[in-house]
Amino acid sequence: MAVKMDKAATRELITRRAEQEIESGFYVNLGIGMPTMVANYIQPEKDVVLQSENGLLGIGRSPYEDEVDPDLINAGKETVTAAPGAAYCDSAESFAMIRGEHLDLAILGGMEVAENGDLANWMIPGKMIKGMGGAMDIVHGSKKVVIIMDHVNKHGDPKILKACKLPLTGKGVVDRIITDRAVMDVTEAGLVLVEIVEGWSVEEIKASTEAELIISDELLEISQ
Amino acid sequence: MAVKMDKAATRELITRRAEQEIESGFYVNLGIGMPTMVANYIQPEKDVVLQSENGLLGIGRSPYEDEVDPDLINAGKETVTAAPGAAYCDSAESFAMIRGEHLDLAILGGMEVAENGDLANWMIPGKMIKGMGGAMDIVHGSKKVVIIMDHVNKHGDPKILKACKLPLTGKGVVDRIITDRAVMDVTEAGLVLVEIVEGWSVEEIKASTEAELIISDELLEISQ
Amino acid sequence: MKHMYTSCHEAVKEIHDHSTIMVGGFGLVGIPENLILALVESNVKHLTVISNNCGVDDWGLGLLLKHKQIDKMIGSYVGENKEFERQVLAGELEVELTPQGTLAEKIRAGGAGIPAFYTPAGVGTPIADGKEVRNFDGTDYLLQEGLTADVSLVRALKGDRHGNLIYNKTARNFNPMMAAAGAVTIAEVEELAEPGELPADGIHTPGIYVQGLIEGKQEKRIERYTVSTHA
Amino acid sequence: MKHMYTSCHEAVKEIHDHSTIMVGGFGLVGIPENLILALVESNVKHLTVISNNCGVDDWGLGLLLKHKQIDKMIGSYVGENKEFERQVLAGELEVELTPQGTLAEKIRAGGAGIPAFYTPAGVGTPIADGKEVRNFDGTDYLLQEGLTADVSLVRALKGDRHGNLIYNKTARNFNPMMAAAGAVTIAEVEELAEPGELPADGIHTPGIYVQGLIEGKQEKRIERYTVSTHA
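Protein chains in written order, with the numbering used here: chain V, 1 to 224; chain X, 1 to 224; chain A, 1 to 231; chain S, 1 to 231.
For reference, chain V alone in the conformation it holds in the complex:
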């Protein structure tokens, strides 16, 4: 039995599940777009520092109108505030943090993920190339890389593949994939289905995933 959800509900489902990846004490980089929305769901009792690769360690909430400072933005170029105890730095230092594996977690979007952890999320040949921004650095630097995306593309085709077709962002860099249908871990043995969203069957997940899936002995169900 497939599940129909509107786009907003899908995004909320994915981002709420992604929030569970964040532990208290973590330093986290959230990618542009849907990953940025994860910040809205971080439970207040968690002590989390969000890093923005344009030079802010400690992103706060969006500013009230009278607080807007044009010199204070996140990597998505949105106006933000700095959290108490924040620090600014230059771009070289910001990526020193990233490349030096000082971040505990990065949550990024994806176009394709392969069962070996390859990620493609920055270009589609034939279309205008906008650039990779910081994604190629971030996928190598964080202790854990979680990709959040729809399970299939708008044509209903799998985005989780045996091998990526699009040019890569990074090779073997993904640790976990969270979609609107399931959670999967990249392991030495292969891609393991560890959680499944309520309403989907294992067979349906397999059918909508090109990559070979190993079903975890401890498969959990995510309630919507």
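Be aware that one or more of the hints could be misleading.
To be verified - With a straight-line cut-off of 25 Å between C-alpha atoms, the simulated SDA-like cross-links for lysine to any residue are:
(1) Lys72(S) with Ile124(X)
(2) Lys143(V) with Pro126(S)
(3) Lys46(V) with Gln211(S)
(4) Lys13(A) with Trp59(A)
(5) Lys158(A) with Asp69(V)
What the hints assert, rightly or not - Label pairs and their in silico Cβ distance ranges:
(6) Gly33(X) with His18(A): 45 to 51 Å
(7) Glu101(X) with Pro84(V): 38 to 44 Å
(8) Lys220(A) with Gly79(S): 27 to 33 Å
(9) His16(A) with Tyr64(V): 43 to 49 Å
Calculated directly from the structure, the hints in this document are not laboratory data. Note that the structure is a prediction, hence the values are computed from the model and not measured. In this text, a Cβ means the ideal position worked out from N, Cα and C, and glycines have one as well.
Chains X, A and S: place on chain V using the hints.
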């Protein structure tokens, strides 16, 4: 006719001549020991910034007793002050300035200099090795490297050689040598005698220099 | 004491046809607005521009694009600009995309006299094409070379007559590394200070990297105005 | 919020026999005095110590030497210490001398995830023995690898509970790079601050690099007391 001077007078002669290498607007690194003394002779009308590789751009005079801050030293570990408009930085940034050729001039001491600009000033085999400190970086970074030293060693043997015998600090790094007897430039053609201290003859300089000397057509005399 | 330019027009005379320039900023934040405007008016052509982004159609480096002054762009993300896309597709503009952290480090290396370094970013991707891959301790890395520029244009909040600069919040971004990597670095500052007024422990760019300054009032356009509403 | 150690003794429990540690400071300036004293009392042995200098006979890292806790020293200048000389000549202590700027950059690289870089320093000298030499644009450079440590001990003037640090004057030196290059970094601070008290634009070491803090009063011994006399 050889000239006899006591050690203090020799040092003053050399450091005063070295001061003339400093132009207004220059950023300068002065090595430990005799080079540090050059600062005492910098003419006040010159706008000069002295860099200390331990992280101070803008060394001031020595502190008065009531100004001494144990956290403020030069690379020779002497207490100093910061000049107005000084900036502190970390050691990586300090050597970024040096390595990146942002300094106009470095004045350093030497044990041996070869006619091709090789410099040895950090170790004597068989003696305890104390370390090269920042010298190996500084000789590569500055736009001009001037070595100041006695013309001969305490046994009267030449220190300006066809080839260095001691382990090198840097290869082909010296631009000019200033001694108690002469000033010599390292050029593509070879080592050129450009100035001679009053009281010394060209023949005496040649006799106390192992390196082949080209005599400049515009040889100047330095008065004592 | 540094050269104090009397106008941005005087300052950008350091830039000639075929110059390679670096321009600070991330998006429109921290860009030297008035130096860019003067560069547009100078009408120098065939520039190679190193900057994280390329402005928007009607502001920042987008203005240089509109006037066809750029031959080659080196950046990490150039997606905010229709004219950019048009020129690339028409073959009028060469673009070299570099991962953002690699770009920042290449510029830092250039200013710091490091000719090249190794980084994991881009291994196994199109970025690695033609680049040396080398393994250290079981991991593959790419060799990346340092970048320098004939002229760097940076923007700071405060600058003193020794060239010391302090940046504001996330307007710092690429500016400090670019200041160090320019043979000539021109700083557009919001406020000029006398030497000694800026805290010596709080300087972001030590004056040695800066050759001249100009004061400039900033518009500070916002790309994505995002606010919280009071509950 | 970071771990606030209740004592230096608790803090140095992170360090074990055969650990590689980095210790901040240039000469005796900026050294984490109390952490070193606690490390002496802990009696851990067979340390590899990365520090620009090795203290003096009766202070700083010289105390670790005296108690024969160091197997190997990586630094740029170790000439202030008789016991150091004795142990090296007796073959009790291994020493690896690295040019100061190269040392600073190796530590920065280690913290920044750069496995190796090229530098001109040391080409044609004994430092180049066994190292790759490579030519870029007509100049020879040495390949140098990044350095990291199991534990870094640094000293700051101020630190907040997020681990953000501000250093004082030339006591900054190697501390910021070492803070970033330690798997565990312990900061000895002269003053503890609450988050938000330190200026976000003036932080030298962002808190991400620091795992724990301890407050400590410093003696600050002076090696070369040099003063001007009033005219």
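Taking 25 Å as the top limit, are the C-alpha atoms of Lys13(A) and Trp59(A) close enough? holds, 21 Å
For the pair supplied as a hint, Lys46(V) and Gln211(S), is the alpha-carbon distance within the 25 Å limit? Satisfied, since the Cα-Cα distance of roughly 17 Å is no more than 25 Å.
Within a Cα-Cα threshold of 25 Å, do Lys72(S) and Ile124(X) meet the stated pairing? holds, 22 Å
Check the following: the C-beta atoms of Gly33(X) and His18(A) are separated by a distance inside 45 to 51 Å. Holds, at about 46 Å.
Satisfaction of the hinted span 38 to 44 Å by the C-beta atoms belonging to Glu101(X) and Pro84(V): The hinted range 38 to 44 Å holds for Glu101(X) and Pro84(V), with Cβ atoms some 41 Å apart.
In this structure, is the beta-carbon distance linking Lys220(A) and Gly79(S) contained in 27 to 33 Å? violated, 53 Å
Is 43 to 49 Å respected by the C-beta to C-beta distance linking His16(A) and Tyr64(V)? holds, 47 Å
Checking one constraint from the list: CA of Lys143(V) to CA of Pro126(S), max 25 Å. Satisfied? With Cα atoms ~38 Å apart, Lys143(V) and Pro126(S) exceed 25 Å; violated.
Mind checking the alpha carbons of Lys158(A) and Asp69(V) for me, to see if they're no more than 25 Å apart? Satisfied, since the Cα-Cα distance of roughly 17 Å is no more than 25 Å.
The structure fails hints 2, 8 (numbered hints given earlier, in ascending order).
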